[in-house]
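Enquirer: Listed here are the chains, written in short residue letters.
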Amino acid sequence: MMENKRVDEPTGTETVGHEWDGIEELDTPMPRWWLWTFGLCGIFAIVYVVLYPALPMIERATAGTLGWSSRGQLAQEMDAADQARTTFNEQLARVPIERLPDDSALMQQAVAGGRAAFLVNCVQCHGSGAAGSMASSNLAKGYPNLNDDDWLWGGDLKAIEYTLIHGIRQQGHNETRFSMMPAFEGVLQDAEVDRLVDHILSLTDQAQPSAEGASLFATNCAFCHGADGGGDRTMGAPNLADAIWLYGGTRAEIERQILRPRNGMMPRWGERLDPVTIKMLAAYVHSLGGGEDFVEVAADPAIEVDESS
Amino acid sequence: MNRPDPIRPNPDAEDALFEKRTQVHPQRIDGNFRRLKWAVMIVTLAIYYITPWLRWDRGPYAPDQAVLVDLANRRFYMFGIEIWPHEFYFVAGLLIMAGIGLFLVTSAVGRAWCGYACPQTVWTDLFQHVDRFVDGDRNARMRLDRAPWGAGKIARRGSKWMIYLVISFWTGGAWIMYFADAPTLTVDFWSGTAAPVAYITVAILTLTTFVLGGFLREQVCIYMCPWPRIQSAMLDEKSLLVTYKDWRGEKRGSLKKAAKAPEEFGDCIDCNQCVAVCPTGIDIREGPQIGCITCALCIDACNRVMDEVGRPRGLIDYATLEDCEREAAGAAPKPVWKTLLRPRTLVYTGIWSAIGLAMLFALGTRTHTDLSVAADRNPPFMLMSDGSVRNAFTLKIRNMESRPRDFTLALDGLDDALMWTGTVPRDQAARSLTVSVDADQTRAIRAYVAAAPGTPAQGFAFLITSQGEQAETDRSDARFVTPEEAAQ
Numbered sequence: 001m002m003e004n005k006r007v008d009e010p011t012g013t014e015t016v017g018h019e020w021d022g023i024e025e026l027d028t029p030m031p032r033w034w035l036w037t038f039g040l041c042g043i044f045a046i047v048y049v050v051l052y053p054a055l056p057m058i059e060r061a062t063a064g065t066l067g068w069s070s071r072g073q074l075a076q077e078m079d080a081a082d083q084a085r086t087t088f089n090e091q092l093a094r095v096p097i098e099r100l101p102d103d104s105a106l107m108q109q110a111v112a113g114g115r116a117a118f119l120v121n122c123v124q125c126h127g128s129g130a131a132g133s134m135a136s137s138n139l140a141k142g143y144p145n146l147n148d149d150d151w152l153w154g155g156d157l158k159a160i161e162y163t164l165i166h167g168i169r170q171q172g173h174n175e176t177r178f179s180m181m182p183a184f185e186g187v188l189q190d191a192e193v194d195r196l197v198d199h200i201l202s203l204t205d206q207a208q209p210s211a212e213g214a215s216l217f218a219t220n221c222a223f224c225h226g227a228d229g230g231g232d233r234t235m236g237a238p239n240l241a242d243a244i245w246l247y248g249g250t251r252a253e254i255e256r257q258i259l260r261p262r263n264g265m266m267p268r269w270g271e272r273l274d275p276v277t278i279k280m281l282a283a284y285v286h287s288l289g290g291g292e293d294f295v296e297v298a299a300d301p302a303i304e305v306d307e308s309s
Numbered sequence: 001m002n003r004p005d006p007i008r009p010n011p012d013a014e015d016a017l018f019e020k021r022t023q024v025h026p027q028r029i030d031g032n033f034r035r036l037k038w039a040v041m042i043v044t045l046a047i048y049y050i051t052p053w054l055r056w057d058r059g060p061y062a063p064d065q066a067v068l069v070d071l072a073n074r075r076f077y078m079f080g081i082e083i084w085p086h087e088f089y090f091v092a093g094l095l096i097m098a099g100i101g102l103f104l105v106t107s108a109v110g111r112a113w114c115g116y117a118c119p120q121t122v123w124t125d126l127f128q129h130v131d132r133f134v135d136g137d138r139n140a141r142m143r144l145d146r147a148p149w150g151a152g153k154i155a156r157r158g159s160k161w162m163i164y165l166v167i168s169f170w171t172g173g174a175w176i177m178y179f180a181d182a183p184t185l186t187v188d189f190w191s192g193t194a195a196p197v198a199y200i201t202v203a204i205l206t207l208t209t210f211v212l213g214g215f216l217r218e219q220v221c222i223y224m225c226p227w228p229r230i231q232s233a234m235l236d237e238k239s240l241l242v243t244y245k246d247w248r249g250e251k252r253g254s255l256k257k258a259a260k261a262p263e264e265f266g267d268c269i270d271c272n273q274c275v276a277v278c279p280t281g282i283d284i285r286e287g288p289q290i291g292c293i294t295c296a297l298c299i300d301a302c303n304r305v306m307d308e309v310g311r312p313r314g315l316i317d318y319a320t321l322e323d324c325e326r327e328a329a330g331a332a333p334k335p336v337w338k339t340l341l342r343p344r345t346l347v348y349t350g351i352w353s354a355i356g357l358a359m360l361f362a363l364g365t366r367t368h369t370d371l372s373v374a375a376d377r378n379p380p381f382m383l384m385s386d387g388s389v390r391n392a393f394t395l396k397i398r399n400m401e402s403r404p405r406d407f408t409l410a411l412d413g414l415d416d417a418l419m420w421t422g423t424v425p426r427d428q429a430a431r432s433l434t435v436s437v438d439a440d441q442t443r444a445i446r447a448y449v450a451a452a453p454g455t456p457a458q459g460f461a462f463l464i465t466s467q468g469e470q471a472e473t474d475r476s477d478a479r480f481v482t483p484e485e486a487a488q
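One line per chain: the protein sequences are A and B, in this order.
The numbering of the first sequence is our numbering, which starts it at 1 and goes up by one.
The numbering of the second sequence is our numbering, which starts it at 1 and goes up by one.
No lab work stands behind these hints: they were computed from the structure.
Think of the CB as a built atom: it goes at the ideal place given N, C-alpha and C, for glycine as much as any other residue.
Don't take every hint at face value.
What the hints assert, rightly or not - Calculated from the model, a selection of chain B residues having no Cβ within reach of chain A, i.e. all distances over 12 Å: (1) LEU216; (2) ARG248; (3) GLY266; (4) VAL305; (5) LEU341; (6) ALA439.
To be verified - Simulated crosslink set (DMTMM-like; lysine to aspartate or glutamate; CA at most 20 Å straight-line): (7) B:LYS257 - B:ASP246; (8) B:LYS20 - A:ASP27; (9) A:LYS5 - B:GLU19; (10) B:LYS257 - B:GLU308; (11) B:LYS260 - B:GLU250; (12) B:LYS20 - A:GLU14; (13) A:LYS141 - B:GLU484; (14) B:LYS396 - B:GLU472; (15) B:LYS160 - B:ASP135; (16) B:LYS251 - B:GLU263; (17) B:LYS238 - B:GLU327.
Start from the sequences, fold in the hints, and give me the full structure.
Expert: The following block contains the structure:
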């Protein structure tokens, strides 16, 4: 192709000697400093290979003299994040849970931390929106909704924290929240169950009450659920006079719960999580929209039990 | 002149691939365009160095720096204007205006940006004046270049590079002042307590200014910058260019030769002054070329020579290609205003001002109150123990004024519903609540809206009104979801 090289008249530059449909390419020489930048890039590359992990070997890449690794950097950044949280953690550890709302900044942080912990530990049963298994959904019923204002064992910060620490119906743990709905299968006749369900539904104006139903309720149910069906939080006995049904509110579902009751359980998080995380979880659950104010008197369960019995 | 020989019997292989750079030593010149260049340089450098130090009172809740890009708080301040990140279209609009402005200038007066206002040109010009100050003018510098390294040369080079470095450091230092309160940052910078990114930025910009302005200079324009290529494509036969009028100048000859045979020679006396003053080292007489930044210093040089030899000025002049043909044919050139006011430039001007006016209008009519609503979707509704249905929403209220303000948050529609928030408890639920938002902040609040059992699913709206004088309002539509609707 050498013979086709020619000098382009307007630019005075030699062409490379090829020609495509009349288009030729100028062989413009590169500036010399361009070559230097190429050399500098080469030097940079060599320095990089020495300092940082670079050459792939059979097991792993060469380590590099700086000892840098992306995992190491992550660990460092996680440490730094933990460090940044120590003040907050110490503060939270010191504050009694019922005093937490006094410090709104601390409360906000606790709620944010609780949201993260909730997604790791609680969503398996309560759902990612903390909505449990809602009565209207087709999912398995029995996991409480934590967004509403209906609480089985109490909805103030201290009660929630207690439930979290000790769990519900944990065998072999004295402080756990414990109660047992008895099974009435074989105890009550079918007709009696019908009257009883009528009475329960009448509490929310969904059925006609009857004297027999009222008397059955007073004999069998009122001890735990209260004479008016309002429930008892010290025993986790649900309020039967509200719109929320943990195991479903249809006639069949109520009947089933009377005859073959289910008693939900919750793990003791006190033996798995640290106290600060539990406080954060309590704050988060409390913040979901149904949290109740802490009242000093209500914290003493003995009083209420005596009054209702 | 630098063209390779047409016939190269045995070219050195390396020479063919790489070209040694020819140092450019432009000569001092005075004239109208040089004075214009001085003026542009002083104005642009002054804008760059002084702007961050201007103050602008915005009250106690906002910084008092006139121009500030507050990256940490995501605010951009420019005198009376404050821009939030969601209003970035103003910045995009400014960039589009800058682009169209460049089209306009290029189609009217060619590469005027390159010749006068480009930072690379301004700083190169500045550094060339440093050269002239330390080493003397063109001939002295060429002599020094060729001289062997000795004590004198080392001293001169050392002091020149020190001045380069000081200017470069100043340039880098001024840049970071746009991103933080300038007086505070200056103190922090020198006491070693400024953020690492400040030192790194200054170091990088010092290095690039030093290298690009001190050494690479015209190489940046010729080899690195895309603009010359793009601008070349935007020029047409009606754009003003620095042009050597060859029909008048050729054939070149010295005064002596011309005196002997006046009819044989043109006006160009081949004094090479146009080449000597050129900051990119080209010969304008070879015609329009990529190396010409149209700084017009050759016009100054040639005019002076023409005055001295008693020939008419304008042998090298701003002219359009069309006019050149007309003049060469002996006709009179078009008047300059006709060249500037032609459809193409008018269309560019129209687009440019339309965008500008639209932005001014948007700026003048924007409100400083904004509400956005995100409904909870998990769970979408909540059955309460009394049978009522509750929906939860996250509201974001923007207070874009630099003072704390109270807002009235109200429900519009959904007549029997009440609302409470994360801070207003349920027993104080109402249809309208007061929410205060800090100065220049966005506040997110959780709002719970509950309606009596049996309320059908329906649309409604949140309405926010700033309290006090000059009430601003914003509304955001939402939907009330019920179990009945969800079951369908």
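Enquirer: Are there hints from earlier that the structure breaks, and if so, what are their numbers?
Expert: The structure breaks only hint 1.
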